[in-house]
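Peer 1: Those sequence lines, one after another, are chains A and B.
In this text, residue positions in the first sequence follow my numbering: the first is 1, and each later residue adds one.
In this text, residue positions in the second sequence follow my numbering: the first is 340, and each later residue adds one.
Keep in mind the hints are simulated off the structure, nothing from the lab.
Mixed in with the good hints there might be a few duds.
Claimed, not checked - Pairs of lysine-lysine residues, derived as DSS-like cross-links and limited to a Cα-Cα distance of at most 27 Å, are as follows:
1) LYS270/A / LYS375/B
2) LYS525/B / LYS308/A
3) LYS481/B / LYS169/A
4) LYS481/B / LYS270/A
For clarity, every value in this text was computed on a predicted model and none was experimentally measured.
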Amino acid sequence: MKFNFLTFVRRNRKAKDKISKREVYVFLSCLGISIIIWGLIKFDKLYYGSIEFPIVYTNIPDNKLLINYPDSVLTLNLQSQGFDFFSDKYLSGDQAIYINIGDLKFEKVNGVYKSFLLTSQISSNISRQLSLSNKLISISPDTLSFVFESMKIKSVAVILPDLDLDYEKQYQQYGSITFKPDSVRVYGPASVIEKIDFVSTDKIELKKLKNNQELSMKIISPINNNKLRFSENEIQISIPVSKYTEGSIELPIITIDSLSEFKIKTYPDKVLVTYLVALNDFKRVNVDMFQLGVYYKSDELSANKTLKVEILHQPPFVEIVKIDPERVEYIIGKRHIIN
Amino acid sequence: MLKVGLTGSIGSGKTLVSKIFEALGINVFYADSSAKALYENNEVRKEIINIFGTSILTENNKIDKKAFAEIIFNDKSALKKINSIIHPLVMGDFVKWLMNHKNDPYILHEAAILFETDLSKEFDFVVAVSAPENLRIERIMKRDSVNRETVIARIRNQWSDEEKTKLADFVILNDENELLIPQVLKINEKLLNR
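From just these sequences and the hints, can you work out the full model?
Peer 2: If you want it as structure tokens, here you go:
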């Protein structure tokens, strides 16, 4: 039989590989068992440590507002066996500590209400809440301080916001812009409430209006304070819009004088008044709804050769855009001469 | 007594000027008003129907003033015919009217056409009221609620402002810049001192 060196080497390498793998398994198994035994020994010992829990304050008095920033985290110093400590620290999740501050006793100092709570007084309550299997040694901080301000309700006026309205050609606002409510109750810290006299909304910008507008606008306070609450959150604003047309009417000029023995005659004695009126109201317009006149006083007559024609009365639903002519000449004479 | 004619193109403001003269105590004969009254006269009515036919009448057998104005303002020959009927009658009224004012220092006879019908020769002086054409058009459009074309057609049937002011003895400019009353006062003073 012929000796083959290469075949001999290959057979030896395979045998060694099998031995090597077996040794690794044994080693790892021993290591694992050692760790477990080590862990059990460690968990069996007593440990001292601290765990942080977030605080949630409950039963805040309705008529008071917390204005300071009390601690939001309690640090519990614990003594326990390793396993318990481990489960409290790492398996408790985001569990919070609820602290009832509804029964605090307050002391009024400079217009605010102060109070404090010793955390040692609520340690048993905390242990119960967290189902701590450890011994609670201490709590940090040892005192929680609170500063409250009394809450106040006040009724304030609602005012229209700044308006930037633009209408389509021939369209205009028709009557008054209305809104409701006209007042709201504001609830908040007394010191803030006292400074609020009105509320409004953001500026309203509307372009090319041709229909009535009904808007719900969020109330905004002139003072920015996130503790403020309003009885209504929105204001309903109505902007009436109508199509307008132009009309004209010839009207006599009346004279309003302070000179009893003299009479004044104007030339012309009539003017043409051009006005804008909503289509709905066009037929309502008549001559008797207008009154135009000139005022004259003796001291003005020498200074002015013409008198301005004034609008003495006009219907509320029209807008006079032109009086032609705007000024008139006049002759003044004794009443029995001038007719 | 002086007889003074007061004329001016349509929309020039003749009546306004007349009213100012009246406020100064001057009596004014309104030829246009007299002419309008004559249209109610039966004899005049018959003559108008003879010329223009019954289509010129309203349902109440009265002269349709709007249709009539439309015809005479747009047809020079029709205007000439109607003037030949009306003007002698108007002048007859004027003569009667004068009898009541013979003691006045002067009187005014306001008429839209004086030079066109040669009536200007009947007066000692003629005052012409002048206004820019655009302004006159605007005034008539507003006064009579008619469109621009209608007003222009009426204006073209009359003499131009330039022709009238050239022949007039006094001119009053009613362009809404110049004050009317001082111009009237000046003319009034001159006429009173004649």
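Peer 1: Does each hint hold? Answer for all of them.
Peer 2: Now the hints, each set against the structure:
A threshold of 27 Å between alpha carbons decides the hint, and for LYS270/A with LYS375/B the separation of about 22 Å falls inside it, so the pair holds. With a CA separation close to 24 Å, the supplied pair LYS525/B and LYS308/A stays within the 27 Å bound. Our distance criterion of 27 Å between C-alpha atoms is met by LYS481/B and LYS169/A, whose separation comes to about 23 Å. Distance check on the hinted pair: LYS481/B and LYS270/A sit about 13 Å apart at the alpha-carbon level, within 27 Å; holds.
Comparing the model with each numbered hint stated earlier shows that all of them hold.
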